[in-house]
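I would like the entire structure built from these sequences, with the hints used as guidance.
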Amino acid sequence: MKISIEHLTKRFGSTTAVNDLSFEIESGKLIALLGPSGCGKSTILNMLSGIIPATEGKILFDGKDVTDLPPEKRNVGLVFQNYALYPHMSVLENIAFPLEIKKVPRKQRNERARELAELVKIGDLVERKPSELSGGQQQRVAIARALAKDPALLLLDEPLSNLDAKLRVEMREEILRIQRASQVTTVFVTHDQEEASSIADQVVLLRLGVMQQQDSPRRIYDQPANFFTADFLGAPPINKLYGKMKSGRFCLDNSLMECQLPLRRQVADGTAAILAARSESVMLSEKGAIQARVLERYSINKDELTIFDIDGQRCRGFIPGDVALSAGDAVRLAFKNRGVFLFDEATGERLS
Amino acid sequence: MKSIQRSRDGERVTARTIAEPILFLLPFIVGLVTFTIYPFVNVFLISFKENYNVLNGTFAKLGLKNYQEVITDPNFLNGLGNTAKYALIVVPIATVLSIIISTLLNKSIKLKSFFQTCFFLPMVTSITAIGLVWKWLFNFDYGLINYFLKLLGGNGINWLNDPRYNLAALIIYGVWSMIPFTTILILAGFQNVNPQYYTAARADGAREGKIFFRITLPLLAPTIGLTLIINMISASKVFSELFPLFNGKPGSAYSLYTVVYYLYDAFYSKWKLGRAAACAVVLFLIVLAMTMIQLFIQRKWKNY
Amino acid sequence: MKKDRHIAAYIILSLGALLMILPFFWMILSSLKTAAEVNTTPPTFLPEDPTLENYIYAFQKAPFARYFLNSVLVTALCVAFTMFTTILAAFAFSRLKFPGRDVIFSALLALMMIPFEMLIITNYQTIVKWDLIDNLWALVLPFTSSIFYTYVLRNFFLSIPDSLYHSARVDGASNWFYLWRIMVPISKPALATIGLLDAITCWNAFLWTVLVTNKAETRTLPFGLYAFMSSSGIRYERLMAAATIVVLPMIILFICFRKQIVTGVSRGGLKG
Ligand SMILES: Nc1ncnc2c1ncn2[C@@H]1O[C@H](COP(=O)(O)OP(=O)(O)OP(=O)(O)O)[C@@H](O)[C@H]1O
Ligand SMILES: [Mg+2]
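Protein chains in written order, with this note's numbering: chain R, 1 to 352; chain V, 1 to 304; chain F, 1 to 272.
Simulated from the structure, these hints should not be mistaken for laboratory data.
Mixed in with the good hints, there may be bad ones.
[As the list claims (entries may be wrong)] A partial selection of chain R residues facing chain F, derived with a Cβ cut-off under 8 Å:
#1 S49
#2 I51
#3 P71
#4 E72
#5 V76
#6 L78
#7 F80
#8 N82
#9 A84
#10 Y86
#11 H88
#12 F97
#13 I101
#14 K102
#15 K149
#16 A152
[As the list claims (entries may be wrong)] Derived EDC-like pairs: lysine to aspartate or glutamate, alpha-carbon spacing no greater than 20 Å straight-line:
#17 K49(V) / E69(V)
#18 K97(F) / D68(R)
#19 K73(R) / E69(V)
#20 K2(R) / D201(R)
#21 K188(F) / E93(R)
#22 K97(F) / E20(V)
All of these numbers come straight from a predicted model, not from anything done at the bench.
For each residue, glycine too, the CB sits at the ideal point set by N, CA and C.
Take a look at the structure:
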């Protein structure tokens, strides 16, 4: 099912949780709603499911306006952060619950519930109560239950945030597998950028209820639309060097360092700007324009994350482990072409 | 496009969302209005109707005659006095005993549930049935209480037939039946006392008695205050106990009226509804005053 | 030294416990004695010649079986009705949205302090008007709406996460279905407490029963017992047998469900 969201707005009293949001989700895709806590992700999900009404705007399912349909008429499956399993029912009863509501005969619905339990690989746990399951197992039950009524849209609200790091990685692959197997259009809410990137066909990045960018994980990382996006994605966080524009070039404050990047438009002299560079785009170069001093080195797998001091501003870079560097060394740095951006400091607008 | 009604917070308003709360509340509200709210309002009205005729609902005029009659009626004054005496004696005694019992029950002792069962049991039993047992215990010739008194070298007391001792008998029975509830509340109050206070006090070398009076009691004060008021309210409604003990009479010489007994008597035996209503209003005012005190205490002690 | 203190505690508690349950023991022991043995000084402790005569007498001469049945019936109906209205009202006050919900609820809480004794005059008139004197319904209907139980249950309902509700709604459950299929089963402990407290209250109700029942066929146990005392004279061995019939079910109930009853009572006392 294709989902279209048009100028969707939600206000709670004076706070605007979601502000004039428009985007589309292709049928059968898995998209991630990504953003920091409180940016309105759950609110969007709840509007998609019909739990809370929209203040303004429209939601279309396959072109049909469902904005004012109550939740039970939308045919969506919903998985909550805390799974919301019914504690007094067995796993099987939980999974079969949506069918029970539809008055599907017991035998049939139990059969279907068993199938789903197999799909999410908890076939041997169906007689247990939710309290007798681990977090990961509970989550599978919740997904199976959401899938039980063959929803046209599957909504997952931070389903992995209660799990430990290892399980989280396993489960997100599991979700991807289930989604591919069932081909259901899926919206996955998370505040973890790595999770979003690893699972989604498309990422929708939000900030304070406003959409920042919708793109594939690769593009949103390589081509951030603004400073917030560049800063939000990537670990370690992108390097930020603060300076000013001078005749089309970025200059560090009180420094001789200059850097030229192809600009998208004319930028007035003296505009405060941020040079943002991914750590993997920082390299040592004899002819590099930037003078820096090594502060510290950490090992991260085969590379060493090195922290440099550039005229009082900090910068991280991945430097191959075989390059001998020690704290206090003076070096020259340069940036690769990829992963380096220039932003207007005041507006966050991308300049390069 | 059809327009959709929305409430202030944007929820859809449909026939169903309007009807549902009403239907869910209906059984509850019907019962409440019929048997609580309407009678509550009505009792005030009746209390002002002079010479109210129950059968056809006519009355002479509205006025304060009922109140006048009630507050000048020696039986009512007797009832007010007895009720006050009863409450003022039973409640403090029961509270002190309950504090002792709950303090001991709160220690890490064995057989805790056995003791709890013993101390709480009277709470679930019928006042009438157990009142009858007390009547038997109070029996002048063969009662267990007089037997023990004589064993200790005293004389038997004619608890139930000598008006001088009627109130005492009622009080003994009252204390016994008030202990379970009070003990439960105070035990619950103990859960708000952080055991670390004790550990700290013991580490400082404080003795048991000192700990009790300087730490336990002050920390329990809000609970105790509350139980005092709750018990005062229930004690001011003392009534059912009179039936088994004195065969339905207010004491052996009609000298042990209580407020509620007076109400019952005016209403059911004498058929003076106006007077009964006036008495009911007085009872309500007493309860109201005590509830206000309770709310005040609760508010004041919230900060603990 | 610690030990000594505990020994003192045991002694005091044992004495106290003995005093508290002495009436119950004495009741049961006396009920098993003969008339001659009851009226002896000094009293015997254990019955010398235990007999069930008194129980047989109570069941034969006074319709205690009937009283018992009435009590069971009235209690069951009371509890069933009260639970029904309470569950629905608590759901409305915790889950449904309607204007003025919380204001109305606070107003109801204020009504909790109205003493029932104050309401008997009008309620009696109502029962007369409905022609329900000497009808068991008269013992049930006035007690079907309890603000206190609604308050307790509403608080319990509020502690059930919203996500369960939303999840069920998304799956298509109506409020009614959600209430009975999810909310009620989850709230079993709270409902048990409420049911037990209500059963105890109904079983022991006296004042109202005296007012609205006259005939033996509609008496419940406490009133039946009182009538038995007035009519068949003061024969303590028989009265104690009758009293035992009244009290024993509640004692058994209490011993089985002590925990629930005690938590219910303490929650009731320390509300707010
Ligand atoms: N019922 C409500 N009433 C008032 N404000 C609300 C309500 N629900 C959400 N908000 C506000 O709307 C904003 C977005 O909330 P939302 O729950 O959608 O955030 P989120 O992105 O899901 O955050 P998280 O990652 O912490 O779950 C927040 O500022 C929140 O305080
Ligand atoms: Mg959220």
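Subject >> Interface restraint verdict for I51(R) against chain F (beta-carbon cut-off 8 Å) >> reply: holds (5 Å)
Original post:
Does the structure keep K2(R) and D201(R) at a Cα separation of 20 Å or less?
Top reply: Holds, at about 14 Å.
Subject >> Interface hint status, N82(R) versus chain F (Cβ within 8 Å) >> reply: holds (6 Å)
**OP:** Classify the hint on I101(R) as holds or violated, based on whether any CB of chain F lies nearer than 8 Å to its CB.
**Re:** holds (5 Å)
**OP:** Identify whether the interface hint at E72(R) stands, where standing means a beta carbon of chain F within less than 8 Å of its own.
**Re:** holds (4 Å)
Original post:
Between K49(V) and E69(V), is the straight-line Cα distance small enough, at 20 Å or below?
Top reply: The hint holds at about 13 Å.
**OP:** Closer than 8 Å between Cβ atoms is the bar; does K102(R) clear it against chain F? Give me holds or violated.
**Re:** holds (7 Å)
**OP:** Double-check K149(R) for me: the hint is only fine if its C-beta lies closer than 8 Å to a C-beta in chain F.
**Re:** Where the cut-off is 8 Å and the nearest Cβ of chain F is about 7 Å from K149(R), the hint holds.
Original post:
Holds or violated: are the alpha carbons of K97(F) and E20(V) at most 20 Å from each other?
Top reply: The given pair, whose Cα atoms are some 9 Å apart, holds under the 20 Å limit.
Original post:
Straight-line Cα separation of K97(F) and D68(R) no greater than 20 Å?
Top reply: Roughly 18 Å separates the two Cα atoms, so the pair holds.
Original post:
Any CB of chain F closer than 8 Å to the CB of P71(R)?
Top reply: holds (5 Å)
**OP:** Let me know if the C-beta of L78(R) comes in closer than 8 Å to any C-beta of chain F, holds or violated.
**Re:** Hint on L78(R): holds, closest Cβ of chain F at ~5 Å, below 8 Å.
Checked against the numbered hints above, the structure breaks hints 16 and 19 and satisfies the rest.
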